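Novice: Please arrange chains Z and W on chain H, whose structure you already have, making use of the hints.
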Amino acid sequence: MKEYKGSTSGCDHITASSTPATGEGGRTGDWRVLYPVISGEGCVVAKTGKPMCYMCWMFCPEGVISKTVPPEINLEYCKGCGICAEECPSKAITMIQEGGE
Amino acid sequence: MKKLTAVTMPDKEYMLPGNRSCVGCGLSIAYRHGLKAFGESVILTVPASCLTVLQGMYPVSSMLVPCLNTAFETTAASAAGIRAGLDALGKRDVTVVGWAGDGGTSDIGIQALSGAAERNTDFIYICYDNEGYMNTGTQRSGSTPYGAVTSTCPSGKLEHKKDMPMIMAAHNIPYVATVSPSYPIDLYEKFTTAKQMKGTRYLHLLIPCPPGWGYDPRYTVKIGRMAVLCGMFDLYEIINGRLSFYGPSLRIATGEPREPVEAYIRAQTRFRDVSMEVIEELQEWVDKKWESYRKMGYCETD
Amino acid sequence: MSIEKKGDCMTCAEKVLIMTGNHAAAYAVKLCDVQVVSAYPITPQSPVVEKLMEFVEKGEMKAEYVAVESEHSAITVCISASVVGARVFTASCANGLALMHEMLHWAAGTRLPIVMAIPNRAVAAPWNILNDQQDSISQRDTGWMQIYCRNNQEILDTVIQAYRIAETVMAPVMVCYDGYVLSHTLMPVNLPDEKLVREYLPPYRPHTVLDPKSPRNINPVTLADPRMNAEGVLCHGYMELRSLLQKSLLESVSVVAEAGREFGRIFGREYGIYDSYRTDDADLLMVSIGSLASEAMDAVDGMRAAGMKVGVMHLRLYRPFPAEVVAKAVRETGCRGVAVLEKNVSYGYEGAVCSDLKAALFDYGVDVFAHSYILGLGGRNVSVSDIEEALKRSYGYLEKKGPDRMKGQEWINCQV
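Chains as they are written, first to last, in our numbering: chain H, 1 to 101; chain Z, 1001 to 1302; chain W, 2001 to 2416.
With the rest of the complex left out, here is chain H:
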């Protein structure tokens, strides 16, 4: 996933005017307690090698899942909400405890 780093240099001096960048709130992956893992066995995109379903991409609040074959999750910014795991029609995503307990 491409990181966005703003489009202008310098800063507007007389008003507060922000420029866009990925990770405005920091490395939000650090917020996680659980992280998602997509199973190659369960995910229909992974199994068929064709673009389809993409419920995980659609319901991810952060937009950190790519619409690729197979879908990939950017763990730098994934907050570990678990919505993808809950919504996957094939139950192909598992939420694993950080720190491997």
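No lab work stands behind these hints, which were simulated from the structure alone. If you're wondering where the values come from, they're calculated on a predicted model, not measured in any experiment. Among the hints, erroneous ones may be present.
[What the hints assert, rightly or not] Taking lysine to any residue and the SDA-like style, the derived pairs with C-alpha atoms no more than 25 Å apart in a straight line are:
| id | chain 1 | residue 1 | chain 2 | residue 2 |
| --- | --- | --- | --- | --- |
| 1 | Z | 1036 | W | 2211 |
| 2 | Z | 1012 | Z | 1053 |
| 3 | Z | 1295 | Z | 1196 |
| 4 | W | 2247 | W | 2069 |
| 5 | W | 2062 | W | 2207 |
| 6 | Z | 1003 | H | 68 |
| 7 | Z | 1162 | W | 2069 |
| 8 | Z | 1091 | Z | 1118 |
| 9 | Z | 1222 | H | 34 |
| 10 | Z | 1036 | Z | 1008 |
| 11 | Z | 1091 | W | 2053 |
| 12 | Z | 1091 | W | 2413 |
| 13 | Z | 1195 | Z | 1009 |
| 14 | W | 2392 | W | 2413 |
| 15 | H | 91 | Z | 1183 |
| 16 | W | 2213 | Z | 1042 |
| 17 | Z | 1222 | H | 96 |
| 18 | Z | 1036 | W | 2214 |
| 19 | W | 2213 | Z | 1196 |
| 20 | W | 2213 | Z | 1053 |
| 21 | Z | 1289 | Z | 1156 |
| 22 | Z | 1003 | H | 46 |
| 23 | Z | 1222 | Z | 1170 |
| 24 | W | 2392 | W | 2405 |
| 25 | W | 2358 | W | 2329 |
| 26 | H | 50 | Z | 1013 |
| 27 | Z | 1198 | W | 2069 |
| 28 | Z | 1012 | H | 41 |
| 29 | Z | 1012 | W | 2209 |
| 30 | W | 2328 | W | 2395 |
[Said to hold, decoys possible] Derived, one-sided and incomplete: chain Z residues facing chain W with beta-carbon distance under 10 Å:
| id | residue |
| --- | --- |
| 31 | 1037 |
| 32 | 1040 |
| 33 | 1044 |
| 34 | 1045 |
| 35 | 1066 |
| 36 | 1067 |
| 37 | 1068 |
| 38 | 1069 |
| 39 | 1071 |
| 40 | 1076 |
Heads up, the beta-carbon is just placed ideally off N, CA and C, and yes, glycines get one too.
Specialist: Below, chains Z and W alone, put in the same frame as chain H:
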């Protein structure tokens, strides 16, 4: 025409990851896809609200569309000014969109919104309704449902929720729609419809909120779905005065039974310990609402 | 500095019309090619926005006219339209201006060149629709510039200058004039030629552009300390941004003076920071703002005829407070005392203009007394004899020394 699915939905993102929205934020889903439907040629205006936080602190922002932050009660007036300014400068192809919370819409912002709607100001107004002042720590708003616990009604709210979509419909504006991030295809299509129209267009989103409503963040989409299935929230659009339902709400309108409200209520700790009387009151509220839809002829399909 | 006419003012297509102060403001707005007008009525301002609607309907003025549902929305529409790049205008007073208060801070903090006409009126409670200056004076901390007018010609000319000043300083400007006394009173007014106005007033260029091609988020939450942006550039914290506003305002005194001089060069009527009448050898100086300073000329003449050396200074620019300019001007008159007559009071203390003047005199070591007089609140008529009463009272203190010189504030013609 190709059917819109997750596969065919555009994947150019206008909201950047790594922002400060809560884990599992329902607004985030809606905002992500809503911005896609609007595309690049848009100017947002956003009051004090959760979205203010999501959009970032100076000098870094988290979205690829221009935005003017504004005072709490002023969303619609701010949008009216942007529209007037753009029109004066001949930039009529830029869409003006206000995004405000339920507090900023049904409470403090209702005056400016009603005024803008009465003037049929050419802009889109989105109310993202997480049923409380969640940004400031879960205080009650006019949009909080009966029985819900908030920090300013710790024994449960004694009044029912204000029906903002119908209030806006009473202004006879060209477009009113109710939308849910649990139904993102419908959301995207309604946002697209709104974008193509002129005049005041109002979209009301029900936004499940993990910290405010009290549930495990993984259930955000599920909770939103449950709200529609039991009739606590209904998906419809009103185009030039004509109402049509969508999805589960359409099925309910054509006679399929509604889920009882109890499961939806019990799934959220903001309704923790509510008595059966509260559940019955809410059930009755939903029943009456659907009865009034029937009486108004909304449930008739051609 | 006093107003002089240079040469024949009937230049080009300049014509003279009989009009009220409110209409003078409206004509100026039309001449300045304002692009967005937001309108909400309040007595005695309503004729301003009514006249502007007439211009728009007749096609004489090409502007977007937004008839909003409250004054709070009126100023908000101006703010967002100005951010987008349009030249804007609205008008209000009294409780309407008070309702705008939150957004006045917002406009100044966003550094927007909004011009607003204020036909000064008393603030409730209780209700009163007549003239005093409490409404605009109460807003002196918001970061708006304030210029006061003595007659309808000054209103028209000042609105035009206000746009030039605002768009140079990047701060909003209030053009204040006494409600009913000026707003509804007919006077002959020279209407400047519109081509000359365009020469005087170049088009507005916003400092930050809201452009979909280069997305920015304007006025987000700003933290206490400077913070790095995504490119590693250290950006201002809240305090720095606010200090820039203050810096611009303090430096704007010279902008106001230059705008007034240039106006004189092009239109034949020069304006400054203050105006003086018979102050050169005054023992007692009266200071005031608005039409009161104009009415005081009769009192000055009367007292001078009776052998008392008095003069009156009209403080045209009230915010920023031109401390150095005014303190030096007071010193130059050689006066031994100042009587500040004003139609407002900072409750719990004294007249606001008096407090500000005293601070300036103290800072610049001008050793004279300054007495605070409150008059004319809620439209209470101020006669020449009322002004004389105040001035004669202060005149009696000229010979006193030390603490005996000091006297608190006095309310003139208050009949409790």
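Novice: Against this structure, judge whether each hint is valid.
Specialist: Hints, verified against the model:
no.: 1; hint: Z:1036 with W:2211; in the structure: holds (17 Å)
no.: 2; hint: Z:1012 with Z:1053; in the structure: holds (22 Å)
no.: 3; hint: Z:1295 with Z:1196; in the structure: violated (31 Å)
no.: 4; hint: W:2247 with W:2069; in the structure: violated (35 Å)
no.: 5; hint: W:2062 with W:2207; in the structure: holds (23 Å)
no.: 6; hint: Z:1003 with H:68; in the structure: holds (20 Å)
no.: 7; hint: Z:1162 with W:2069; in the structure: holds (22 Å)
no.: 8; hint: Z:1091 with Z:1118; in the structure: holds (23 Å)
no.: 9; hint: Z:1222 with H:34; in the structure: holds (19 Å)
no.: 10; hint: Z:1036 with Z:1008; in the structure: holds (12 Å)
no.: 11; hint: Z:1091 with W:2053; in the structure: holds (23 Å)
no.: 12; hint: Z:1091 with W:2413; in the structure: violated (56 Å)
no.: 13; hint: Z:1195 with Z:1009; in the structure: holds (16 Å)
no.: 14; hint: W:2392 with W:2413; in the structure: holds (14 Å)
no.: 15; hint: H:91 with Z:1183; in the structure: holds (19 Å)
no.: 16; hint: W:2213 with Z:1042; in the structure: holds (10 Å)
no.: 17; hint: Z:1222 with H:96; in the structure: holds (20 Å)
no.: 18; hint: Z:1036 with W:2214; in the structure: holds (17 Å)
no.: 19; hint: W:2213 with Z:1196; in the structure: holds (20 Å)
no.: 20; hint: W:2213 with Z:1053; in the structure: holds (23 Å)
no.: 21; hint: Z:1289 with Z:1156; in the structure: holds (21 Å)
no.: 22; hint: Z:1003 with H:46; in the structure: holds (23 Å)
no.: 23; hint: Z:1222 with Z:1170; in the structure: violated (31 Å)
no.: 24; hint: W:2392 with W:2405; in the structure: holds (14 Å)
no.: 25; hint: W:2358 with W:2329; in the structure: holds (14 Å)
no.: 26; hint: H:50 with Z:1013; in the structure: holds (22 Å)
no.: 27; hint: Z:1198 with W:2069; in the structure: holds (21 Å)
no.: 28; hint: Z:1012 with H:41; in the structure: violated (28 Å)
no.: 29; hint: Z:1012 with W:2209; in the structure: holds (24 Å)
no.: 30; hint: W:2328 with W:2395; in the structure: holds (21 Å)
no.: 31; hint: 1037; in the structure: violated (15 Å)
no.: 32; hint: 1040; in the structure: holds (5 Å)
no.: 33; hint: 1044; in the structure: holds (9 Å)
no.: 34; hint: 1045; in the structure: holds (7 Å)
no.: 35; hint: 1066; in the structure: holds (5 Å)
no.: 36; hint: 1067; in the structure: holds (5 Å)
no.: 37; hint: 1068; in the structure: holds (5 Å)
no.: 38; hint: 1069; in the structure: holds (4 Å)
no.: 39; hint: 1071; in the structure: holds (6 Å)
no.: 40; hint: 1076; in the structure: holds (8 Å)
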